[in-house]
Amino acid sequence: MEEDKFALVEKIIKDVHNVLSKIAELYAFDVVPMDNNFQNKSPVLHMENCLGLESWCVKHVYMYCYTELMDKYCMKPNRKSRKLAFGCERLIKLLNVTLLLKPENNSLWNKRRELVLQALLDKTVELHFSRLVLSRKPKCNEAYAYRRWVLDSILQDDTLPVHNIESLVNDEIVICNLASDKCPNNYHSWNHRTWLLNRLTRVKSNFDIDSLFIKEYHFSEKWTSKHVSDFSCFHYYQFCLKNIYSLSDESWKILQSSLNINLRKVLVKLLATNFPKDLTIQASEENLLSYSEENLMKLLLAYANKNCKCVVDYVQLCRKVEILFHSLVLNDELIRFYKHHETLWYHRRFILHEMLMVMYDHFGLVRCKGALVKKSCKVCYFEELRQKQPKIVRYDSNHIYSSVFFNVILTHEKKIIDERRTDGDNFADRHEKYLKFVEALNSVI
Amino acid sequence: MVKVYALAVLYKGVNSATVLKAAYNLQSFSFFQKGSVQEFMTFVSKTIVERTQPASRQSVKEGEYMLQVYVRADNLAGVLISDHEYPNRVAHTLITKVLDEFSAKVPASNWATANETSVEFPVLPEYLVKFQNPREADALTKIQDDLDETKIILHNTIKAVLDRGEHLDELVAKTDSLSTSSKAFYKTARKTNSCCNF
Numbered sequence: 001m002e003e004d005k006f007a008l009v010e011k012i013i014k015d016v017h018n019v020l021s022k023i024a025e026l027y028a029f030d031v032v033p034m035d036n037n038f039q040n041k042s043p044v045l046h047m048e049n050c051l052g053l054e055s056w057c058v059k060h061v062y063m064y065c066y067t068e069l070m071d072k073y074c075m076k077p078n079r080k081s082r083k084l085a086f087g088c089e090r091l092i093k094l095l096n097v098t099l100l101l102k103p104e105n106n107s108l109w110n111k112r113r114e115l116v117l118q119a120l121l122d123k124t125v126e127l128h129f130s131r132l133v134l135s136r137k138p139k140c141n142e143a144y145a146y147r148r149w150v151l152d153s154i155l156q157d158d159t160l161p162v163h164n165i166e167s168l169v170n171d172e173i174v175i176c177n178l179a180s181d182k183c184p185n186n187y188h189s190w191n192h193r194t195w196l197l198n199r200l201t202r203v204k205s206n207f208d209i210d211s212l213f214i215k216e217y218h219f220s221e222k223w224t225s226k227h228v229s230d231f232s233c234f235h236y237y238q239f240c241l242k243n244i245y246s247l248s249d250e251s252w253k254i255l256q257s258s259l260n261i262n263l264r265k266v267l268v269k270l271l272a273t274n275f276p277k278d279l280t281i282q283a284s285e286e287n288l289l290s291y292s293e294e295n296l297m298k299l300l301l302a303y304a305n306k307n308c309k310c311v312v313d314y315v316q317l318c319r320k321v322e323i324l325f326h327s328l329v330l331n332d333e334l335i336r337f338y339k340h341h342e343t344l345w346y347h348r349r350f351i352l353h354e355m356l357m358v359m360y361d362h363f364g365l366v367r368c369k370g371a372l373v374k375k376s377c378k379v380c381y382f383e384e385l386r387q388k389q390p391k392i393v394r395y396d397s398n399h400i401y402s403s404v405f406f407n408v409i410l411t412h413e414k415k416i417i418d419e420r421r422t423d424g425d426n427f428a429d430r431h432e433k434y435l436k437f438v439e440a441l442n443s444v445i
Numbered sequence: 001m002v003k004v005y006a007l008a009v010l011y012k013g014v015n016s017a018t019v020l021k022a023a024y025n026l027q028s029f030s031f032f033q034k035g036s037v038q039e040f041m042t043f044v045s046k047t048i049v050e051r052t053q054p055a056s057r058q059s060v061k062e063g064e065y066m067l068q069v070y071v072r073a074d075n076l077a078g079v080l081i082s083d084h085e086y087p088n089r090v091a092h093t094l095i096t097k098v099l100d101e102f103s104a105k106v107p108a109s110n111w112a113t114a115n116e117t118s119v120e121f122p123v124l125p126e127y128l129v130k131f132q133n134p135r136e137a138d139a140l141t142k143i144q145d146d147l148d149e150t151k152i153i154l155h156n157t158i159k160a161v162l163d164r165g166e167h168l169d170e171l172v173a174k175t176d177s178l179s180t181s182s183k184a185f186y187k188t189a190r191k192t193n194s195c196c197n198f
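Line by line, the protein sequences are chains L and V. The letter at position 390 of the first sequence is residue 390 when you use our numbering, and the numbering goes up by one with no holes. The letter at position 68 of the second sequence is residue 68 when you use our numbering, and the numbering goes up by one with no holes.
No lab work stands behind these hints, which were simulated from the structure alone. Fair warning: this is a prediction, and the values are worked out from it, not measured in the lab. Ideal Cβ placement from N, Cα and C applies to all residues, glycine included. It cannot be assumed that every hint is accurate.
[As the list claims (entries may be wrong)] If we take Cβ atoms under 8 angstroms as the criterion, some of the chain V residues that face chain L in the derived model are:
no.: 1; residue: V2
no.: 2; residue: N25
no.: 3; residue: S28
no.: 4; residue: F31
no.: 5; residue: F32
no.: 6; residue: E85
no.: 7; residue: P87
no.: 8; residue: N88
no.: 9; residue: R135
no.: 10; residue: T188
Bound conformation, chain V alone (with noise of 0.2 angstroms):
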């Protein structure tokens, strides 16, 4: 299956990473699974911002899930979640693009204070209906070249970007960013396995 799930923009501050804008494509999941899998994909899109170094970029793979992430030079990130069958290049380029246009539509000044509610970018969820087919967002792009693909780190599991000593179970349990019933989610999804990225 080549889907993308969920694209974002964030912004990388000195001790957080806040959400600039984000779109979702949650489709194949039940409706009660809806809410608590978008927390969880903005959780984990948090999570591996803040743990990638500015000006590098990054693939995670989790189960069926794959995470890509870009931070600029600048601390502007983008994050594309889809399954492991999306080219990671293709992936890549199409982030660079998003930040490219992010960045020329809002001012940079605004980056650190600014939260999804104040930023106005609307074509990220015309961007992620776009990207479904990466043939047809390859040729739209058209950067293909610029991007050298052994310059992405892939990792095999989330465990693996985490700083030493952390678990992801923990961070979890720790964070108030994720609704009671999404944690009761994530825990179900881990024990069963299944139906849950990461």
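For reference, chain L alone in the conformation it holds in the complex (with noise of 0.2 angstroms):
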């Protein structure tokens, strides 16, 4: 009897490996239910490019492979791996079924890294392998932290031509997204994407990252306008905000031209009805768009009580204000259309710090511990760093709170909050208290 399972087991080894030799095709593994085997007929599936193993099996053979592979491979730490090749081929054979099984298993996931790096396992294989494990667990960490690692030895690489690492994003990119579709807050997935992008950075050749990152907006904005609950794609949006803030002209041109919407107008529209009315700013909506980003910015945050000498790059600083209004747009929208999500309020408040944090960075402002402190440049007020910096006086935060940007900000914010709470949003008392006590407007509210 026992006999007869081990033959079996070796068959399904067998079969397993049969299918996996034509890997670059494959594109799913999963485990099928199936109770017993009721047709005496191979438990090994390959249909359409996936392989499946059904259910009834799965516990002989991962009994079978797990045990092999610890009495054999892994246990004598004294007999160092010269010998391996031997063994070898057996090796990857019970490692793929093992993983493909069970890949929450770092000790088996180290075992292949070895072989890569004995040149016994091959990079692109590798890639597929991990792949086809995440067809079937798109959360499994494990096997990102494996390609990554293949990924960022691939990358180290200068030579490597620009197409070829265009191939390798996109596959990258193809992953994620299956990968965050099948599984909603899947940390993992947008965890993998974000390092992606980050690795990219430091590539040496002139792959165009900017493009990229434009790509990588426009997909989150789309993505989160669809997922309004799920965190781990709000924050990877919020990382590619982040990117756009400071692309070459060249990209932004790029940028405008692949939205379908103004952003310049977006923001005069949303200055324009929220402009305090006690001020004597009599700028219309049309007059506005005829500003230069300069005289905009002058507008909106008047007064700079810049203790130092660098000069500000108001074109920078107005595209990140467009950026950042209009994602507050969308925001309002989204906020109106699907009501009590939680994560949407998150995202608000993520927008919010930013603006904040580009108020007092113009006027030359960090809040520490609570209070609002000068901040010495680093660049011209070299000496002074040691010294302790001193507390803002009162004069100057009422100027900050008296600025147009400011203040429409707030009118903004109060509109928002008093048509969501009259629709029975307990988010909206929430977002208040937030803006309050957190970033210590309690003051000025």
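Build the complex: two chains, separate frames, hints provided.
Below, the structure is given as structure tokens:
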């Protein structure tokens, strides 16, 4: 009986191995629920480029492979790996089956790493293999970590042609898309994506990272508007927002032309509807549209208490403000349409925090232990850095809070809080509390 | 996630409901699960329609899934299976619209005897695609004000909809409309409590 079972398991291992020899074509693996072996057929299924294993045999196969792996390949650290090449094919077969069934085992992934370092496993095949694992378990962090390790070693080659990098990036993005779609709140897939973008900024060949940033920005904006309670994807969206703050002039033009709205118009419209009434700003929407970046920013953030001689890049500043306001307007719409979604309100906190940071930064201030203090510029005031930073005087904080920029934001927030509150959205109250006590605007609201 | 998995038009007969037309979006399920998931969605749709009074609306939440059902007074029924983030009001507006169009295309005299193959209603898959984005779909229908949200009966689990003494597990075990592989799939999904609707 036992003998029979072993023979069967050996056959299954062989069948899986045969299917995996065409790994480049395979795109998914799954365990198919099947109570018993009814038909006396091989439990290894291979259909339409998918590999399947019937569930009744999983236990036997896994136990058999895992025991052999642990006994023969993992437990003897003294007789070191020199002899490994001898049983290497067997080892790979066992690793394949075991990791497909249970990928949450770092020791086994490390075994694969060793094999890759000895050039016994091919890196491209490894990418295919971990992809299969992720098709079944889209939240498997071990598999993502392994992919990162393989990708990192591939990208270290500075002579890698740009089109190769591009196809690698495309593959990763497709995998992340599938994984994020299958499992909502898939922190691991979004984290992997963030890693990919960060890693690519360090690639030395002339890979066009800006155009990828723009693509990912569009993608994340669209994705977040359909996944309204998935904060993992919102976090990635925030990462993408930050990436496009400092695009080059050329890339900025590309971004603008690829948007189907005009960022400046969005900003100006929101400004015009929220201008403080008592002030003497007579500018209408049309007027504001004709303003240059510098004039517009000076109108919003008139007073600059900069205690250094650094030149303000108004164009850059204006772009940042435009993006943030655009994101705020999108958030307004989502909050109105999808009611009672905490994630949307959390994203709003992010936007407002970023806006306030823009403002403090412009006025040369920084929030430190709850109080606003003067920020000493690292470029101009190098020697002053050691001194204790003075507390801000009352006059200054009043000046900030009377700036047009701040008043526009505040008016807009008050409107939306009131509107959502009357609609019965409890998160509106929480949002107000956040602004009062976390952003410390208690004295001005 | 805002997603529609299935959209179906059914007829509620005296003893049982029949599917007149259905469209599915099963991209997020693995190749080997798709068949079972689809069978299961059909089974649940029928079960729910059979347990819904004519001229009433229900929204049933089960795990991360949401099942919206509307049975009209003339026994024509619509079911929309989505995830729980899809706004209920929009879902019911869409069902109403689909049913209106269906009754305009297919004469009422055929409903009782028709089945999926004999009914001509090719626009259903198109709607399924359009409805993936509720904000666009909502603008599309433009009858949003007609629907009184308070009239939708909300249930937090499928148990609440079943008759007293009934259990989904038993219904699944008894039915002929699910294949053995789908039943096995249901059992495993129950155990691991994931990847399966209801």
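Q: Tell me if T188/V is really an interface residue toward chain L, meaning its C-beta lies closer than 8 angstroms to one of theirs.
A: holds (4 angstroms)
(Q) Does F31/V hold up as a contact with chain L if the rule is Cβ-Cβ below 8 angstroms? (A) holds (4 angstroms)
Q) Was the hint right that R135/V lines chain L, CB cutoff 8 angstroms? A) holds (6 angstroms)
Q) When the nearest CB of chain L is found for V2/V, is that gap smaller than 8 angstroms? A) holds (5 angstroms)
Q: Identify whether the interface hint at S28/V stands, where standing means a beta carbon of chain L within less than 8 angstroms of its own.
A: holds (5 angstroms)
Q. Can N25/V be said to touch chain L, with a Cβ gap under 8 angstroms?
A. violated (11 angstroms)
**Q.** Satisfaction of the N88/V interface hint, Cβ to chain L closer than 8 angstroms
**A.** Since the shortest Cβ distance to chain L is 10 angstroms, the answer is violated.
Q: Using 8 angstroms as the Cβ threshold, decide whether P87/V counts as touching chain L.
A: Since chain L brings a Cβ to about 7 angstroms from P87/V, closer than 8 angstroms, the hint holds.
Q: Closer than 8 angstroms between Cβ atoms is the bar; does F32/V clear it against chain L? Give me holds or violated.
A: Holds: closest Cβ of chain L sits about 5 angstroms from F32/V, inside 8 angstroms.
Q. Against chain L, with CB atoms and a cut of 8 angstroms, does the hint on E85/V hold up?
A. holds (6 angstroms)
Taken one by one, the earlier hints fail for this structure at numbers 2, 8, listed in ascending order.
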